[in-house]
Each structure stands twice: as structure tokens, then as C-alpha cells.
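Sequences listed follow chains A and B, in order. For the first sequence, numbering that gives the first Met the number 0 gives the first residue as 0, with consecutive numbering after it. For the second sequence, numbering that gives the first Met the number 0 gives the first residue as 0, with consecutive numbering after it.
Source of the hints: derived by calculation from the structure; they are not laboratory data. Hints are not guaranteed to be accurate.
Listed next, with one range per pair, are the computed distances between beta-carbon atoms [claimed, not checked]: (1) A:S9 - B:S188: 38 to 46 angstroms; (2) A:T115 - B:P177: 42 to 50 angstroms; (3) B:I124 - A:V19: 27 to 35 angstroms; (4) A:T60 - B:V103: 40 to 48 angstroms; (5) B:S188 - A:S69: 24 to 32 angstroms; (6) B:A271 - A:T140: 29 to 37 angstroms; (7) A:Q85 - B:G211: 46 to 54 angstroms; (8) A:T60 - B:F95: 48 to 56 angstroms; (9) A:E141 - B:L249: 13 to 21 angstroms; (10) B:L215 - A:G145: 35 to 43 angstroms; (11) B:I124 - A:E141: 23 to 31 angstroms; (12) B:F110 - A:P56: 17 to 25 angstroms.
Looking from chain A toward chain B, a few residues come up when the C-beta cut is under 10 angstroms (computed) [as the list claims (entries may be wrong)]: (13) A52; (14) G86; (15) P105.
In silico contact screen, one side only, chain B against chain A (beta carbon under 10 angstroms); selected entries [stated by the list, open to error]: (16) R62; (17) P64; (18) H171; (19) G199; (20) E200; (21) E201; (22) A203; (23) Q204; (24) S205; (25) V208; (26) R256.
Being a predicted model, the structure only gives us computed values, none of them experimental. The beta-carbon is built from N, C-alpha and C at its ideal position, and this holds for glycine as well.
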Amino acid sequence: MSEAAILTASSLSVSLGKRVVLSEVSLALPRGCLAALVGPNGAGKTTLLRALAGLLPSEGTIEVCGDALSSLTLRERARRFAYLPQGHQMHWPLPARDIVALGRYPHGAVDPARLTGTDAAAVVRAMQATDVTGLGDRPVTELSGGERGRVALARVLAVEAPILLADEPTAALDPRYQIEVMTRLRTAADTGTLVIVVTHDLGLAARFADIALVLSEGRLVSQGPPATALSETIIENIFRVRTYRADYQRETVIVPWSEA
Amino acid sequence: MLASLGIGPVKLSPVAVLDALFGGGSEVQRIIVQDIRLPRAILGLAIGAILGLSGAALQGLLRNPLASPSLFGAPQAAAFGAVLVIALGGIDVRSFALPVAAIVAAFASVFVLLAIAGRNASLLILILAGLAISSLAGAATSLTMNLSRNPFAALEIAFWLLGSLEDRSFRHVMLALPFIIAGAAILMSRRHAFRALSLGEESAQSLGVDVGRLRLWAILGVALGVGGAVAVAGAIGFIGLVAPHLMRPLIGYDPARLMVPSALAGAALLLAADIAVRLIPSTSDIKVGVLTALIGVPFFLYLIVRERRALGGGIA
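This is chain B alone, in the form it adopts within the complex (with noise of 0.2 angstroms):
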């Protein structure tokens, strides 16, 4: 954290960040941690954190390792949900719309996921499903950018998809957190039921966990967090399937004790990759989506093969 706030292209001492956080340092310093730095540490904390509790209770919910939000293609369709209301509307970047229509395609699209997939799916058909979906978001992100008459509000939103906390001011911190803390408190309310669903659906029903109600509040509480996340960063990928992976060596393989680490672990992700992506030297900063995506591919592709090892090869 404090590391997030020194670095950058005007170096900062720890103790020169502390001395600005709290008044005291030149007028410069003050500007750069408190209006620059300090928004962008406090959403990477909240938004890797949202990510990583995403991740860990879609992983219990679906008794699977290899789920995630992005495979399954929330933020996607969160993104495609902002891009269009920003190309129908116009309306601001930093309006109360952006969020809640990231929000409404983000729950659409884990909703449509799981009902595609149905009750008992199997890995295969969810990866098909969400590859599906994620794919669609998008075509048809494209398609609206396509469609826009600015050909540099289409550039704004494509750098904007590939995931980035540069820029972000305090507006951007309260327009993601008050959904990506509801989003929190749903999953976390749930966490116990996660842990009877090791049993399966039929076990945990019959150990009086609502399975079809917990499944909506599961999807609510992702598109919630997620939907916020992406409303102000844009899509960042796969923080929500490493982190879960990074605990399990250390805390176990229980849902519900997994996932208050899982959010730690994602909030430690994604301020490592943001502060890499200013100490990268590059013409331009690296978008933090691309570096995360760059890192959590090869993990996932990791994941299939030692999973691929564990099922035997059946992975259907």
C-alpha cells in the first residue's frame, strides 16, 4: 500500500508518502499521494479484493477450481454493459449509470451462464459456456464501438477495456465501492453454505441450504462486485481465478475459510500489478488488465493441466 502510493514517475520515500498522506510534505507531494495515488491504491485494494472473493465463491459454489468471473465472462459483459450506455447515452464516465448497467450485464451474463449450463454442469460445458459469452460480450462491445459516430470516444473505450486504475479520482472510488462492498458482504453471508455444497447440491439441500437461492445471491454478489469493479477499471482478468490458488497451499481447500484470504490475496495481486505497470518502463503505461491477463493465462493454462492430470483426462 504504502509502496503503491511512493511509486510512480515522481519517487516517493515511505516516509515522505506518510508525511504527505497526512498534511504535512510541499503542496506537490500532497497532490500526487493524496489525489493521485491514494484513489488508485484504495480501488486496487477493493477491486483485486472483489475479485478475489468472486473467484473463491464461484469456485465453491460450482465445486470447481477453473471457475472465475472473467472465464466466465462477467466482466465482459460488464464492460459491454458500460460501453453501451456510454455510446447511447453520452452521459458522463463517472455517473451512477455506469456502474449499474455494468451490473445488470454482468448478473445477466453469470445468469444466462448458469442456466445454459444447467444444474449439474460439467467443466467442459461451463468453459464452452462462458467462452461463449465472453465472446459475445465481445462482439458486440466492438459492434457498439463500431457504431460510434467519435472515432475518439471508440479509442477512450478501448483503452479503457483493457483495464486500467491510472487516473482514477476519489468520484471513481465512491461511484465502485458502495457495490463492490454489497457485492462482498453477500458472498461472504454465504460462505458457510459453500462449504455444505462440498457435499453436493442434493447433500447440501438436504442439510437445509436453499441450493437455488443460494446460487441467485452467489450471481447477485459477483455481478454486484465485479459489475462495480469493471464500471471504474475496466476488465481485469484472472485475479479472481489465481488468487484463490495462491491460499489453498496455505489455508486448505474449505470454501469458506478460503475466501476472506482469497480477497487479501486478490487485493495484493492487483496493487503488485499496478505497481509494476509504472516501474515497467514503457512510451506509454501498460494497461493493468493486460499485464494480469498476461500472467493469469499461463497460470489457467497450468491449472488445466494439472487438473487435466487429477481427472484422469476427462475433463467432461
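Excised from the complex, chain A in its bound form (with noise of 0.2 angstroms):
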């Protein structure tokens, strides 16, 4: 795997002041993979996220497409990740299309009244991948909360990059948006990028994900397939529950059913 690893992070520490909040994380990752990020609150998933994107100074060494993460400079990073941070904040009541158009910031494309016929065909299949088209003019503070979440991930999208980060894309979301937003990336994964999706869904997690993370307490406890790395035993040591699980339409079904 380590052959076609688009991404590879080795013994990856961070420390915030004396706390270590994330310690000798090693993962390598290709291309074209869904891989959902678990772990119980405090596990350091968005801190593992933001250092993988190199948006806070870590310890160890991380590759991407070849390159050292600390010889890209800001805006080298900026074109190889996507990242769609938690509660996806937006400010100003800006026009949707406008939102959708700052993932071309880092190809240049700073002003959206002034798109390339590049950037703005990658604007309109973003907006197009993720429903939003009608939403263009409307502003963003007047979305409701799927709206503005689908115009997020349409922001990201539209970045084009190689690796997509999504940081709880889920939360806060009805079931039928959940699924919306996970079949996105999926189709995402399925056209050749490398998604990584922070989740507290462990059914999302093994229903759509190639690769299940699980990280507890900073360190990086199981990797694999979900059926195999979200096993019983772990879910029950990591997250104090136990679970049902079952196969569907060849997937696992995995519902946190009790305390352990």
C-alpha cells in the first residue's frame, strides 16, 4: 500500500504547551480511499486533520505526492488539500456561488467576479456534485443548516485537490443529509482523491469508509478495513459501548446498542 500512499505521516507528535495531544502517529494512505477518522471526544481527530494538512506545527515527518509537507509552501498546501474545518463558519451573508468560488483561492483565482474558464468550470461542477446550483445567489446566512453544509462541501470541492480533510461533515445533520454528504465523498474517493472524514458515526464509518482510523487518546490504536479495525473489542476498549453488527447488502452494520 505504501507504494501508491499519496499521503504518509510518520511518528507524527503534537504538543499543545506540556499536553501531548497526539503522539508517533504513522499512517500511509492512497489514493482514491475513503478512510473515516474515530475516536472518542478528546482523541485528538482534529488535531490529527489540521497537522496532516500542516495548519499546526507537529513533530515527525509527512508526505505528500512525493513532497515533504515542510518544503510545500502555504499556498503548494493549499492546492493538495482540501479541508473543510468543524461548523463551517461563514461571516458575511455572501452569495453562495461567491462561497463556493474561494476553493479556487489557492489556484490563484482570489477574486470570484473574475473567474478563468478553469476555476469557474470547477465552481459550477462543485456546486453541480453537490446540489447547490440553484442556491448560487442567495446568501449564505439565510441557507438553512443542510443548505450551508452542502454549500461547504461544494467550497471544498471545488478545490480540486488531491486529498480532501472533512472535519464532522455529518454533524448537526438529518439522517437523509448524512447520507448525502457521505455519498459525495464517496463519489469524491471513488474519482480518485483520498478522503479523510472525521466522524462520531461508527454506522457512517463502516457503512461508506475503505479504511477505518481509530484513534484514542492521541495514539493511533487500529487501522484497516472497518469490519476488521471497528472490531468488537476494540469499539468496546476505545469507545465503552457495545455494539450490534450485521451485514446488509454487503456491508457492515455497526450500531452502538449499550454502555460496556
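Two chains, two frames, some hints: make the complex.
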């Protein structure tokens, strides 16, 4: 797997003050893979995501598309990682299309009013993929939570980066939108993007991901296909819950059931 | 602009103004228009513009519609820097040391403000810190005047502090303009980054915006512009707060697209205020800084009420 790996991290550690938030995390992920990053609250999931994107100083080495992350400029990093933070803030009532167009910022398209053909096409593709074309002129602050989530997703898709990092993109969405967001991310992975998605929903992780990464107290304790990486014992030890498990349409079903 | 040149104790028709501007008319008219009112009008435009631009830039940087240079104590601090130089050195009020001191003080004040307030400062913290800084700068200015040996000098400083465009010559224009232009250029060159900041600092950083550096540039731009303006015109407040708000209904909320219109609105506002103080009958000229504050503060209160509603009462 490491041969085709587009993103590798070796002995990645992050400390905030004296507290070690992330310790000795190593992973290698290929193109076209949807990886679900799971773990209890405070396990360091967001920290790992931000460290991978170079938004946080870390120890250890990160290699992306064959280059050391530390050797890349801010803009080069921005072209390789599309990063969707938690809660997708939008501070001004800008039209949704302009928000999506900000995804082209790393490519030099800093003014949404003056996009080149390539940039405009990427924006249109991203908006079609998330079904927000009709919302283009609406101020984002007036959209519903689900619509805003889709606009935020369109913004990161518009980057058309080889790696997409999404921090809890399904939080606070109804089941329909959760499935919708995961399906979009699945499509992105199927078209060659490496997608890493942080989620608390073990069911969604098992259903959509190729690989599950389990983080606990800053350490990567388990990684692999969801069926094995999210085994009954691991979930019981890490999350302290028992699960109901089944197979449905050749996918693993995991439902948290009771306290362990 | 024409009105600004025409209106005053001696009223001139627009035609007479144009005539005098290009060397015609009587000697008196020429002096009034070219030497007295033209520099005043140019300063009014430039200072109003940089205040409007600074307001738009700070509002973009902090993603907060209540941000403005005067709320953060920048003009007050700049005034203190200038007053200190005058009191210490007794130097000519038209020396370059004045704007430099004003700029340094303005930079320090905004820097300290953002350092105190932290990365994701809430509105409440910003306003409290700004209040503290402007009070401190005001107190320091008063102390300097207190200690000044010459009571007339103290009075001069006090009047100058109120903010005025009266009796400004081309010397003043030359003094302020380079700094104002430099400040404006810096702020304008960052305008697209302010738009990216609409998504929050983390997202902006992930889009390739160096947020830390952007913050420093913005402070520098505001300090240069406001410092330069204060050095020649004293503290003129609230233009920076009001101008972007006047333009939002027309232009929209895009922080980048808002900057030029805000500058224009600021210029128009200050020029109008400066004309108004000449028209309002009074025994002495009312200071334009007083007028902008009189209009600006109620507007600010109105904004707070509106924001309070928008934020559901939780401005912290």
C-alpha cells in the first residue's frame, strides 16, 4: 500500500504546551480511498487532521504526493489539501456561489467576480455535485443548516485537491443529509481523491469507508477495513459501548447498542 | 468637492471657484480657493477615504461589523503619540516627526489590542479592550497636557485633538498624503484575503492565506493611514465605522468589494461634515471631529441594538 500512498505520516506528534495531544501517529493512505477517522471526544481527531494539512506545527514527517510537507509553501499546501473545518463558519452574507469560488483561491483565482474558464468550470462542477446550483445567488447566512453544509462541501470540492480532509461534515445534519454528504465524499474518493473524514457515527464509517482509523488518547490504536479495525473488542475498549453488528447488502452494519 | 471649495465665510459660486482654481478671478478669490480651501478639501477627501478604508479592512479582518479604528483607540493613541512629540520636543507642528510618532503609537495600540483580545476574540472583548486602550491613550494625552509648561500650548493641543481641517496648508497635505497612500495601498493589496477570511481563520489558512501575516499587514496599513491622518487633522472618529455600513445595502457584504466604496463614502462623509461645520452658525468654527462623533455615536448605538437582535442577545 505504501507504494501507492499519496499521504504518509511517520511518527507524527503534536504537543500543546506540555500536553501531548498526538503521539507517534504513522499512517500511509493511497489515492481513491475514503478513510474514516473515529475516536472518542478529545482523542485528537481534529488535531491529526490539522497537523496533516500543515495547519498546526508538529513533529515527525509528513509526505504528500512525494514531497515533504515542510518543503511546500502555504499556497502549494492549499492546492494539495482541501480542508473543511468543523461547523463551517460563514461570517458575511455572501452569495453561495462566491463562497464556493473561494475554493479556487489557492489556484490564484482570488476574485470570484473574475474567474478564468478553468476556475469557473470547477465551481460549476462542485455546485452540481452537491446540488447547490440553484442556491448560487442566495446569501449563505440565510440558508438552512443542510443547505449551508452542502455549500461548504462544494467549496472544498471546488479546490479539486488530491486530498480532501473533512472534520465532522455530518454533524448536526438530518439522516438524509448525512447520507447525502457521505455519498458525495464516496464519489470524490471513487474519482481518485483521498478523503479523510472525521465522524462520530460508527455506522456511517462502517457503511462508507474503505479504511477506518481509530484514535484514542492521541494514539492510532487500530487501522484497516472497518469490519476488522472497528471490531467488537476495539469498540468496546475504546468507546466503552457494546455494538449490534450485522451484514446488509455486503456492507458491515455497526450500531452502538449499550454501555459496556 | 466644488462645494467644499465654494462654501465658507466668503461664498463663491461654482463658476467662480473653477475660475479661481485655474488662475482666473481676483487675487483674493485665488488665495481663498487655492491656498485655503483646496488643501482643506484634499485633506478632507484623503482622510475620509483612509478612515472609510480602514474601517472596511478592520471589519473584514475581524469579521465583525462593529470594528472600526476609533473604537479600537487607534486615533486616540496616534493623537497621544503626536502630542507627546510636541510636548517633549516643542517641535514644529508641521515636522515629519509628528506623523511618524502618530503612526508608531497607532500601530502599537492596534497591535496591543489584537494581542490582548487573542485570535478568536469576541466582540465584547474587542470593545472592552478598545475602550481600555482609548481611555489610556486619552489619559496619557491629558497627562502630557497637564505637564506642559505653556498653558496656551495645552489649549492649542486640546483644540487640535478635537479634530479639524481648518487652516491646513499644502504643507499638511504633503505631510499626511504619503502615509495615507501607503496605508491605503497596503490595505487594498490584501482585500481578497479579507474575503477568504469570511470562512474563518482556519479555512482561510487552509486556502493559502497566511493569517498571522495578514493581521500584521492590516494593522500596519491602518496605523499608517490613521496615524498620518491624525497627525494633521487630529482625532476624527466614526467615519471608519459608518462608511462601510452605508455601502453594504448598495454593494453587498463582500469585504473585498466593499473597500473602495467605503473609502469613497468616507471621503464624502468627511467632506460633507467639514462643509457642515462651516455652515452651522456659531461664534467659533465647530470642530469637524466633534460633529462626526455627534453623528457617529448614535449610529453606533443603533448598530449595537441591531446586532444585539441579530445575535440573539449574546454579544459575548
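Check your understanding: In ascending order, which of the hints set out earlier in this document are inconsistent with the structure?
Key -> Numbers 2, 7 and 18, in rising order.
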